[in-house]
Every structure is written in C-alpha cells, then in structure tokens.
Amino acid sequence: MRRRLVALGAALLVGLLLPAPVSAQEDGERPEGAALRVGLQQQIDSLNPFLGYSLAATDIFRAIYPTLTTYNANDFGVEPELAEWWESTPDKLTWTFHIRPGVTWSDGRPVTARDAAYTFNRMMTDPAAATANGNFVENFETVTAPDDATLVIRTRTPQATMLAIDAPIVPEHVWSQVTDVANFANDQMPIVGSGPYVLTDHRAEQDVTLTANPQFWRGAPKVSELQFIQYKNSDAAVQALRKGDVDVVQKLTPAQFDALADQPDINQVKGQGRRFYEMILNPGATNSENQPIGTGHPALTDVRVRRAIEHGIDRQVLVDRVLGGYGQVGGGYLPPIFEDYHWTPPQPRTFDPATANRMLDEAGYTRGPDGIRRTPQGEPLNFDFVLHGDESMDSQVGEFVKRWLADLGITVELQPVSDNQLNDRTTAGDFDMVISGWSANPDPDYVLRLQTCGARPTPDGNGTPDTLQCDPVYDDLYTKQLAEFDPAKRIDLVKQLQERFHDQATGLVLFYANSLEAHRGDRYAGFTLQPASNGVITGQQGYWGYYGAEPTEQAIKGTGGTNYTTVAWVLGGAVVLVVLVGLVVVARRRATADDRE
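Those letters in the sequence shown? Residues -24 to -1, 1 to 573, per mature numbering (1 follows the signal peptide of the UniProt record, and there is no 0), in order.
Under the rule of at most 20 Å between Cα atoms (straight-line distance), these lysine to aspartate or glutamate pairs were calculated in the EDC-like manner:
id: 1; residue 1: Lys471; residue 2: Asp447
id: 2; residue 1: Lys246; residue 2: Asp498
id: 3; residue 1: Lys219; residue 2: Asp498
id: 4; residue 1: Lys219; residue 2: Asp234
id: 5; residue 1: Lys219; residue 2: Glu529
No lab work stands behind these hints, which were simulated from the structure alone. What you are looking at is a predicted structure, and each value in this text was computed from that prediction instead of being measured.
Produce the complete structure using the sequences and hints provided.
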C-alpha cells in the first residue's frame, strides 16, 4: 500500500511541478518508438558499477554512466568524454581534468568534478567499491575537486594509464546514501546516470530496459529504448532473431553464424575479438593476506605439471573444430587486435603428448596400476574442470581436454555451472581447472593487473582475480610498465610480462575467437562498428554500437508508445521523487539489497 501511495504522490507532483515538456519535433528529427532489442546469453553479475565486471554488465554501465575519457569508434584512440581536456605536471604526478560544462544527471542535477572525486575516493577507501575497477586507483595519492569544473588527481608514482581510466563515475548525491556497497543491488528504477541511456526497468534473469536520455550531451540516441533480453543459450537467442523478437544477437557459434548466411533480413558481422579464451590451472591459491584458500589439487602447484598439461593440448584442433576456423591459436596474453601489445611465444608449447608424458615421468608423477598418475605422496591426479554450463564452446573444449589429459594419465571431471557460480568459485580458488576469459582494453593495464599479487581476493572474498598467481617477478615488471610513458619502452615491458606469464603456465591462452554477431537488417540499416575496420557491434569500449544504431521505418512503426516527450516526463518525475520521497527510496533500496544477482 505504501508503494502505491508513493507512486501516486510522485505522479501528482510531476503533473504539478514539471515545466511544459519540449516536443520531439522542437529538438530535431528523432524517430519515436524505435526499440533496439539485444539477445543476451550471459548473466549480469551485478547492476552495481562498483561490483559488476562481466561483459554483460560493463556493456550496460558504458551506456548509462560517464567516464573521464573514452576510446573512439574508429581505431580505439583516446578521446574526451566527461573530461573536455586535461593537463599534467612535468613529473607526471599531478593530472588536472577539466570537466565538460552543461552535462546533467538524468534526474536533472549537474554532473561535476565532485562526482568524479567522490567516485574515486570511494574506490580508494572502501574495499567493496574497488571490486571491479580498483586497479585504476591503487596508485592514487589524492583526488580532489577544487571546484565543480576541475578534478585534480595526484599519484604516488607516474602512471601511464591516466587517460585510460574508464571506471564508471556515479552521482555523489545518490551513492553517498549507500552505506554498504558490497550488498547494494542498485536495482531501484530509474537508475540515475548521464549517458545516452537511462536504466529504467530490470527483471532478474529476464531482461534489462534502458530508455533514451534526451539530455545526453552528444545528443539523444536515434532509438528510444534499448533492451537486453536474457536467453538461456545461444540457440534460443538465434531462434528469437529469426522470428524477429530481437534485433541483435552476439556470441554466435560458428554453426549458427554459418546457418544465418542466406537468411533474408538478417545481416552477419564477423569481427576480430578483444577477448582471450583461457584455461586456468590452480597454482595454489592464496588471498591478499597470503592465506591458502580453495580446493586446488596440490599437483598443480608444480609448474612442471602445468607445463606438461599445456603440451597435452592441441590448440589448432580447438580452433578448427570448436571455432570452425573463426579464430586464431592462442599464445600471448593480449589478443592480436591490439597489434602493438600482442606477443607470440618464440618457442610455444605445441601439442606433443610424448613430451608431456616424459615431463610428468621425470617430475615423479608416475602411473599407478590403473594408469592414473599420482603425486610423489600417492594422491591420484584427478582434476575437476569448471565450465560455463550454458556455453556450448565450453562443453566442447571440456570434452577435448578430458580426452587429451586421459592420454597423459590424468582424470578430468567436467563440472558445468552457471556464470555467477563460475565467477564465485574462481574467486574462492574452488577449482582445479576452470575456463576463463577477459575482454582486453586498448590499454592493457587492466587485464595485466589481474595476474598480480594485489589482484588476489581479500579475506572476505572481494576482488577480481584471474589465475590467482602471485609472482614477484611478474609484479616487478607490472610496476615498471605502469610507470613507463615512452610507448616503445612500455610495449617492450608488456611483452616481457606476457613472456613471464607464459613461463609460469597458470593460465593457458587457448585461442582468440572471432566475434560473431547478427542483426535484423529490416529493422536496423547500420551500426557504428568498433574499430571501423573488422569491428563489432556489442561489447565495445564505449557505447558507439548502440548509440549509432539507425532504425528503419519498420522498426519505428513496429514499436509504439515511447517517445521523447514521454521520456522527458518520466525522467523529470524521477527528480521530484528523489527530492521529496528520498527517505522512502533509501528504505526500499536497503530492503532489496539481498536481491542482487
């Protein structure tokens, strides 16, 4: 009953207090009612931008929250976003960002340097707030906002990534009311943002709806609604595309992509992916306090075993049979799309079962009467292999690896689980082997940091580790590349890092898959791809793919109801609601904090 009263009161206040709306025609030609529907096959780990780090979540965050700078659609070059321009002192320790004037939050409040300072300081002082993007601020000494237009960041040591800080910036007036970031679901609608879209509806495990922000500083998007519809698997998503229930589908399998080649009204997009596909071998996981965690098999703490396993895997077969040829054999940590930083092992551990068996024999892991190898202490080499349960690619890779390792005298049990369960088990070190993969940024620092000692989870489980390795040699190289502003020297250090990572064999980069997508050509005539050559629509470093979507007349006529006048009234109503019933909103947020996905 109380919720109904609040809603009714808000509606009355909107009608009484809002100024007369501006019509869509008065603000330029914009199609009304066009909705862009994206078929999503990955769970959204969190709608909280301090916590969410899955590709699905970050795709949404980039559409609703500002960042200081962004990567352009043409070639990943850095360009201004919230920060209109910047400067640094000669010693590269103090950076001043000048905030773009006139940018507003969707509730009408101005976006200022104080919001950015609040965001970064919250990440620096609250461990939970550093979960997803804490690497950006680890080296920050102070962050201040001497006025609304000026943000000043002072670092402890020179930091080469200062123009690549794409952490979402949140509104201080909203988030300062959140006392417990770790348990805040951020699911009270509408979510206050300042990007091209505003998140206005969310049904857990079903869909997320974003509404066009008519006040976006670059200009309103060409479609009024962006909806991410969740499917259990890619087969269901492709069927929805065929029927016209969605407009874009990502993460297609090779067979699905090929089957859509001659389908009327469906266009294919094959791009070079930013993602590496990796098999992690638990190196003996510890947390940030160097306390052992997880259930990893003791044999995998031996680098000789990990290297032998790599010799037992045929990457070319995986590219040919699992990817259908749509990809490249893995090697270095960073994908080939980032040509400057990509590294290929000069002496890769190629598929060689004879060498793998010899290495295991020499290391003292001999076969028992049952043919299964054992540690010198007599424990059989039985490994669990954790996979994404809804990914056909994972199941295929799992079956190949299981067969290949059986030839080495190693038993593998495949354990398919949900996306969120896999993430939780990886962070907890609760695995022997697990499938992983990250989308690298144009600046490689984010994914490089995942392999440092500092990326390990805290005792209470916060953190975004990858392989859970802790190697002082790697850490030293990481620190050096972070402080190197000479591009050529930094590239060399990044390649040395990849060489060291390859040497440790905690994460075996199996392949780099092409990004296979498809969209309804009868509803959308074109999208902005990133990069312009051989690029993709979804999972971009920015919002370009969705922001630049061009709806056809069929898309405009086929979706009715929403228009820019309505959008302005809905978002304006949020202003009144926040100001006059803020205490009730806070109470509801606290009540639903446990509903986080």
